[in-house]
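Just so you know, the sequences run in chain order A and B. In this text, residue positions in the first sequence follow the working numbering: the first is 6, and each later residue adds one. In this text, residue positions in the second sequence follow the working numbering: the first is 458, and each later residue adds one.
Everything labelled a hint here was simulated from the structure, so no lab data went into it. Note that CB positions come from ideal geometry on N, CA and C, so glycine has one too. No false leads were mixed into what you were given.
Selected chain B positions facing chain A (Cβ under 10 Å, derived; list incomplete): (1) Pro525; (2) Tyr546; (3) His604; (4) Ser644.
Just so you have them, the derived chain B footprint on chain A, three or more residues with Cβ under 8 Å: (5) 219-227; (6) 423-436.
Distance ranges between label pairs, derived from CB positions: (7) A:Arg205 with B:Ala552: 39 to 45 Å; (8) B:Ala552 with A:His287: 48 to 54 Å; (9) B:Pro525 with A:Arg101: 51 to 57 Å; (10) A:Glu442 with B:Thr629: 27 to 33 Å; (11) A:Gly239 with B:Leu635: 23 to 29 Å; (12) B:Asp555 with A:His287: 51 to 57 Å; (13) B:Asn606 with A:Asp315: 53 to 59 Å; (14) A:Pro444 with B:Ala552: 27 to 33 Å.
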Amino acid sequence: MPKGYLALVLHAHLPYVRHPEHENFLEERWLWEAITETYIPLLDVLQRLRADGIPYRLTVSLSPPLVSMLTDGLLQERYLRHLDRLQELAEKEEHRTYGSPAHVTALGYGRHLRHCRDFFCRYDRNLVRPFKELEDAGCLEIMTCAATHGYLPLMMVRPQAVRAQVETAVTTHRGHFGRDPRGIWLPECAYAPGVDQILREYGLKYFLTDTHGILYASHRPRFGVFAPIYCPSGVAAFGRDPESSRQVWSVREGYPGDYEYREYYRDIGFDLDYDYIRPYIHPDGIRVSTGFKYYRITGPHNHKEYYEPDRAREKAAVHAGNFMFNRQHQVEYLAGFMDRPVLIVAPYDAELFGHWWFEGPQWLEFLIRKLACDQKDLEMVTPSLYLERQPTNQVATPCSSSWGNKGYHEVWLCAANDWIYRHLHLAGDRMVELADERPFATGLEERALNQAGRELLLAQASDWAFIMSTGTMIPYAIRRTKEHLRNFLRLREEIKENRIDEGHLAHLEGRNNIFPHFDYRCYRTDRAAAH
Amino acid sequence: MTLLLLFLSLALALTYVVLRFRRPPVTAEKARPGRGQPQAMEEFAAELVPEVSVRREPPPAPAEGELPRRYGTDRLILMARDPAWLFAYWEVSAARQDDFGRVYGPQAWQESRPALRVYDVTGVDFDGGNAQRVFDIGLHEAADNWHINVGTPDHAFLVDLGRVLPDGRFITLLRSNLVQTPRAGLSDRTDEQWMWIEGLYRSLRYQVGTGSPLIVEEMAARAGEIPLNVSSPSFPGKER
Chain A
6 MPKGYLALVL HAHLPYVRHP EHENFLEERW LWEAITETYI PLLDVLQRLR ADGIPYRLTV
66 SLSPPLVSML TDGLLQERYL RHLDRLQELA EKEEHRTYGS PAHVTALGYG RHLRHCRDFF
126 CRYDRNLVRP FKELEDAGCL EIMTCAATHG YLPLMMVRPQ AVRAQVETAV TTHRGHFGRD
186 PRGIWLPECA YAPGVDQILR EYGLKYFLTD THGILYASHR PRFGVFAPIY CPSGVAAFGR
246 DPESSRQVWS VREGYPGDYE YREYYRDIGF DLDYDYIRPY IHPDGIRVST GFKYYRITGP
306 HNHKEYYEPD RAREKAAVHA GNFMFNRQHQ VEYLAGFMDR PVLIVAPYDA ELFGHWWFEG
366 PQWLEFLIRK LACDQKDLEM VTPSLYLERQ PTNQVATPCS SSWGNKGYHE VWLCAANDWI
426 YRHLHLAGDR MVELADERPF ATGLEERALN QAGRELLLAQ ASDWAFIMST GTMIPYAIRR
486 TKEHLRNFLR LREEIKENRI DEGHLAHLEG RNNIFPHFDY RCYRTDRAAA H
Chain B
458 MTLLLLFLSL ALALTYVVLR FRRPPVTAEK ARPGRGQPQA MEEFAAELVP EVSVRREPPP
518 APAEGELPRR YGTDRLILMA RDPAWLFAYW EVSAARQDDF GRVYGPQAWQ ESRPALRVYD
578 VTGVDFDGGN AQRVFDIGLH EAADNWHINV GTPDHAFLVD LGRVLPDGRF ITLLRSNLVQ
638 TPRAGLSDRT DEQWMWIEGL YRSLRYQVGT GSPLIVEEMA ARAGEIPLNV SSPSFPGKER
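From just these sequences and the hints, can you work out the full model?
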């Protein structure tokens, strides 16, 4: 038996952004960037490790909005079109940088973009498939997340609204991965007592909280965050290890700020001559990131040196070794206090790797190889594998918490966004009322009820409240919140008055098409009894 | 003539401004420690302005634009934001307001002041009179939500929205749901069969809030741009 277990968890999520009504919608680029810079590089790493016979266990949560976007035909088509433009830019860049120290980096971008196209087409444009392939091979455990990343503690006023988020997530997951999810990533790691009981109704076995979610539980957890606790409902809660988080997350102390690493903020989309870059930024002339970045962080000042891929790669290897060394020491130290192997849970946003921390995927690959080949103290596990091996755990109710600033719910409930809750809660109440009144709807009425549910779910995404409180792109977040709520209110009125406007309904179904198999009956009050 | 008009409109505007920003006299019978929202203590404000009937419909907040400000339902919802703060929002229907008028007289609504009464009901089966601590918050007539500083983690609260009559009586209009503030530290409860191990916790140099959303905020502050991330994707927004 190893002295300790390491559970690396990557949470992949983007809000549902899909605008068929616009040829070039700025915010759709979030998905293109994440595919090119994070999802494909991570899949490359995981497939390479598997091909080399390196054993590993990694946990990934793929949020239902992300899964829905990755499998959406229109967005897939648009991603290829986006790649066309980037590849054209890559060719120009190879010429422009010829003879300069940036050339080798430019060549690398060109190669990667060609690879992205191959990879994307090899899987028939469906990037959920390679994830499923790795899960079927036993390398990955894929968790689900709330249907639209709704912030569950602030929805608990009407638990049925939380049930609908969870049920829709579980159903969507089953549809795409052919199995029930064992765990759920609570959006923003946000937990409040009571949420776990709903998770249990849907067969979910575990979730993650931030460190204090476990430490400040109703009873002192004997092993701190180094072993899970069971909620009284029997659902396990795993706490985040603060040390391994800090090493990767912290802006100042963390690895990603190393001077050898690529500088995120110097992008030719902002730096180069407007006429040159114009075809590759937004058609309205708004400068955006292109992903072509040639400098390394260099130091704390504005002066930047050229990026050197080999030096950065060496640094990623050093950091992977350092991370492993620290975990070994941690386990060594903690083992003396515990009657069971130490568990270290290290959750990260997947989009940190590659997109923000360009060398993140390399770091992960080095780390997994070292864990497999260079030591015996630590073994990689997934939370459900750990529970199989350690089925007996302490019982306590975790503390209401999140992993946001200050650790509770303030980011999602502050002066900038508190106004949304009077609308969201009311819409939730009315949706439950509609579903209770009409459990056997068919035809047009059923379609309208389903779309009303979709609009409500989309309005509940925690992303909007988060954006409102952090202060950039606020108009878009406000607009999305209001738009979905207005759509909901209009649909409800039409359903109530039995005068459904089919043209408008079809328009909404086409535009906000998340969850094609959505069933409004998940909002029924007696639904829970069925599970 | 023009001068007269100008004078009249100025006077009207002034009255409006004063009315809008006048704060109600604070209802003072219980201790109200640690209120977070700014509270005007200038009681003279009430005497300086002539009594004018107050608008029943609060002005719509610009941020919400096209969403209805009111839904015609009575509700008072309380949420626990963190160990020290609660948030409440409410709506009082016209019917409830009329009921109030029927019982306390047609002028009672205008003569009374809105207030929140906060009850700490930790460990009690609340019957209206057995709260551990009670305090009132005087409200602006148009207020329909409030951030409440209670300052006590791991306590249970509920609030009443009511009107304070000129004779000081608090009349409840709506009662909220019950909430519990989160714990802000380790629990005192240690099971007998589960030992407490000091050393384990000493190794935890833990600071709340080092998660992804935080890094995003830090970076946003640095560059005025949010990188692509769970809850915070990367491009500076532009309303189209």
